[in-house]
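With the hints as extra help, turn the sequences into a complete structure.
Those letters in the sequence shown? Residues 1 to 447, by UniProt numbering.
Just so you know, the hints here were simulated from the structure itself, not pulled from any lab data. Hints may contain errors.
What the hints assert, rightly or not - Mimicking EDC-like on lysine to aspartate or glutamate, the simulated pairs with C-alpha atoms at most 20 Å apart in a straight line are:
1) 274 to 259
2) 274 to 218
3) 274 to 160
4) 374 to 285
5) 291 to 377
6) 374 to 355
7) 149 to 160
8) 274 to 380
9) 392 to 380
10) 212 to 400
11) 395 to 116
12) 212 to 414
13) 232 to 282
14) 374 to 228
15) 212 to 388
16) 133 to 143
17) 135 to 152
18) 273 to 355
19) 392 to 221
20) 128 to 152
21) 274 to 285
22) 351 to 285
23) 232 to 355
24) 159 to 103
25) 291 to 388
26) 159 to 141
27) 128 to 143
28) 392 to 214
29) 374 to 160
30) 212 to 259
31) 291 to 414
32) 273 to 221
33) 104 to 141
34) 273 to 214
35) 374 to 282
36) 351 to 282
37) 274 to 214
38) 133 to 103
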Amino acid sequence: TLHVMADHTLQDTDVSTYTQYPNLSIPSMQPSTTMPSYYSNSYYTQYSEDWYTPAMYEVKKLSCEKMFSKETEECDTPVAKKARMNSLSGKMKGEELCVVCGDKASGYHYNALTCEGCKGFFRRSITKNASYKCKTGGNCEMDMYMRRKCQECRLRKCKEVGMLAECLLTEIQCKSKRLRKIPLNSDQPSNDAVDSIDYKQVTSTTKYSKEKIELTQEQQDLLRYILDSFIKYRIPQEVTKKLLQERCNAEENFLLLTETATSHVQVLVEFTKKLPGFQALDHEDQIALLKGSAVEAMFLRSAQIFSKKIPHEQSEQKQSELLEDRIRHSGIAEEYITPMFNFYRSIGELKMAQEEYALLTAITILSPDRSYVKHREAVERLQEPLLDILQKYCKLNHPDDPQHFARLLGRLTELRTFNHHHADMLMSWRINDHKFTPLLCEIWDVQ
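Next up, the structure:
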């Protein structure tokens, strides 16, 4: 769960203070071999070792077997991949089955393919912090019958297949979401006394506009530093302008999108290296964070591009239509395109500032719950000050929208589902014999 702690200071001796981060001494690492040309097709720029950054050289240098050793005390297979494999093997008459109990699945809920029943059970168990006890020693085989008999084993199975507590909105956020849907002049009485108590809890969070909220000097410096890095390391305009060319065939669209994705990863690596304290983390944790966040950071950047007019002779509406048309004609199935554009539009509706994009991206990268991260508390100590700054920034710049911060965090939970969509898209592209650049193969674990 994303924790926001007011006036939090870094106390770990292994992590330097913010003012020391820009002066970190980074050893020079250069690849000993020149990267071979990957595409003969003229649509691709022929990259050489100068784009193959030191950070990605380190990613390449470590094999997956070494990087994800048993010392991490994690499963050999990433949880998300387990869920996908189980769901693919659990099909009956063309229907997807719940990876927890085998009932008919209704979609991806909290990071796993489940039925409505298991979705609701997991949500209730987490929000109530429920504690269950198995009567037979905790070894029940979960199915549609046993799910009603043993709650402990059902919850354990939910977690085993990849359902994540951090994908739930907090109860306050959920209640706020429902309250926003009720018209202000609604005469509907509250259901019970509990609802009344919850409502007071929610409305009490909306009174912060009367409080004196300000960023400390250290927080201002940190925000300015992250924003400068975010602006410096962004996709070149010439790459984004290529997306606005006249319609091409599916293969050309795929190549252009892959080139854009490669640029996304390049700027992500450079931006990540500049995050205060990142290079002081355990080296394998750095790689786990970078690879674990690459897809989500890419979709967040893409949403910014989609919702912001690119300097070009076409109108903003025409640009959106061209970008959408190019993606729809690149071989991506409609079932993945619809949630993608729904997300882009939901980001656009928030009218986010550059500062918010920069902070959200940094918070996404520094998620301590990524697979194979060993020193989660060290990562948490880097993420928490950014959450505190984002919360204060929202209060200062959106005084009339007390739920703006909650909505931003809600977008992060949406982003988590794109890891599944993206893995399925990669699978469909590979079936059609599409190839990716070496950098994308490495960061996306494409064999």
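CA of residue 232 to CA of residue 282, is that 20 Å or under?
violated, 26 Å
For the pair we were handed, residue 212 and residue 400, check the Cα-Cα distance against 20 Å.
This hinted pair holds, its Cα atoms lying about 15 Å apart.
Satisfaction of hint between residue 259 and residue 212, Cα-Cα up to 20 Å
Violated. Residue 212 to residue 259 sits at ~47 Å, over the 20 Å cutoff.
Are the Cα positions of residue 392 and residue 214 separated by 20 Å at most?
holds, 7 Å
Residue 133 and residue 143: Cα distance at most 20 Å?
holds, 18 Å
Sort out whether residue 152 lies within 20 Å of residue 128, counting only the CA atoms.
Holds, at about 14 Å.
Mind checking the alpha carbons of residue 374 and residue 228 for me, to see if they're no more than 20 Å apart?
violated, 30 Å
Can the restraint linking residue 374 and residue 355 be considered satisfied, given a maximum Cα separation of 20 Å?
violated, 30 Å
Sort out whether residue 141 lies within 20 Å of residue 159, counting only the CA atoms.
holds, 14 Å
Within 20 Å, alpha carbon to alpha carbon, are residue 273 and residue 214?
violated, 28 Å
Take the C-alpha atoms of residue 274 and residue 380, compute the straight-line distance between them, and say whether it is at most 20 Å.
The hint holds at about 17 Å.
Check whether the Cα positions of residue 351 and residue 282 lie no farther apart than 20 Å.
violated, 36 Å
The earlier numbered hints that this structure contradicts are 1, 3, 6, 11, 12, 13, 14, 22, 25, 27, 30, 34, 36, 37 and 38.
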